[in-house]
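Trainee: Sequence:
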Amino acid sequence: MISERLAKAINEQLNFELASGYIYKGMEAYFGKEGYDGFKHFMKLQAEEEYEHHQKFAEFLYEVDCTVEYKAIPDVKNDYESPKAAIESALEHEKEVTKRIHNLYQIALEEKDYEAITTLDWFLNEQVEEEDNFRHILDQYDLLDDAKTTTYWIDKELGKRQ
Numbered sequence: 001m002i003s004e005r006l007a008k009a010i011n012e013q014l015n016f017e018l019a020s021g022y023i024y025k026g027m028e029a030y031f032g033k034e035g036y037d038g039f040k041h042f043m044k045l046q047a048e049e050e051y052e053h054h055q056k057f058a059e060f061l062y063e064v065d066c067t068v069e070y071k072a073i074p075d076v077k078n079d080y081e082s083p084k085a086a087i088e089s090a091l092e093h094e095k096e097v098t099k100r101i102h103n104l105y106q107i108a109l110e111e112k113d114y115e116a117i118t119t120l121d122w123f124l125n126e127q128v129e130e131e132d133n134f135r136h137i138l139d140q141y142d143l144l145d146d147a148k149t150t151t152y153w154i155d156k157e158l159g160k161r162q
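Take 1 as the starting number for the sequence shown in the UniProt record's numbering and just add one per residue.
Treat the hints with caution; some may be incorrect.
Think about it this way: if two alpha-carbon atoms lie no more than 30 Å apart in a straight line, the pair counts; the simulated DSBU-like pairs of lysine-lysine are [unchecked claim]:
id: 1; residue 1: K8; residue 2: K33
id: 2; residue 1: K112; residue 2: K25
id: 3; residue 1: K25; residue 2: K148
id: 4; residue 1: K25; residue 2: K8
id: 5; residue 1: K8; residue 2: K56
Between beta-carbon pairs, the in silico distance windows are [to be verified]:
id: 6; residue 1: S3; residue 2: D37; range: 29 to 39 Å
id: 7; residue 1: T67; residue 2: W122; range: 17 to 27 Å
id: 8; residue 1: K71; residue 2: A147; range: 35 to 45 Å
Hint data in this document are derived by calculation from the structure and do not stem from the laboratory.
Here a beta-carbon is modelled for each residue, glycine too, at the ideal position from N, C-alpha and C.
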């Protein structure tokens, strides 16, 4: 049986994943308003992915006979200084998610909850990919000089995400 401490922490993360999706929906709204269809598409898919992460945590709690507890989702920002600023914000957010997953993993280790550890292994690997995706976008800005041309090119590339 999962400990109350770990169940509470997973519920907190489950809600944070929903809030993460909402953050990306806010970014999607910003990009849509500004006419960046590729960025908008990317953030739409990013939000959907966060909702899938939420569901993975929820399914784990159901499987170990725990209650899923939903909390209110805070308001999110939907305006940014630039597309690059939005991506920088997304990277910082993903770093926070990674930190939280590490904390969950530590609790699972302390509680010797091997089933949770197995589930969290997937999330650890996923976070490597999440941070890398945003870092890669920011690297494109660093490689190219003209911000407008770079943003245009990145927008076209992000529109190809499946």
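Trainee: Does each hint hold? Answer for all of them.
Mentor: Right, here's what the structure says about each hint:
no.: 1; hint: K8 to K33; result: 38 Å, violated
no.: 2; hint: K112 to K25; result: 36 Å, violated
no.: 3; hint: K25 to K148; result: 23 Å, holds
no.: 4; hint: K25 to K8; result: 26 Å, holds
no.: 5; hint: K8 to K56; result: 15 Å, holds
no.: 6; hint: S3 to D37: 29 to 39 Å; result: 46 Å, violated
no.: 7; hint: T67 to W122: 17 to 27 Å; result: 22 Å, holds
no.: 8; hint: K71 to A147: 35 to 45 Å; result: 38 Å, holds
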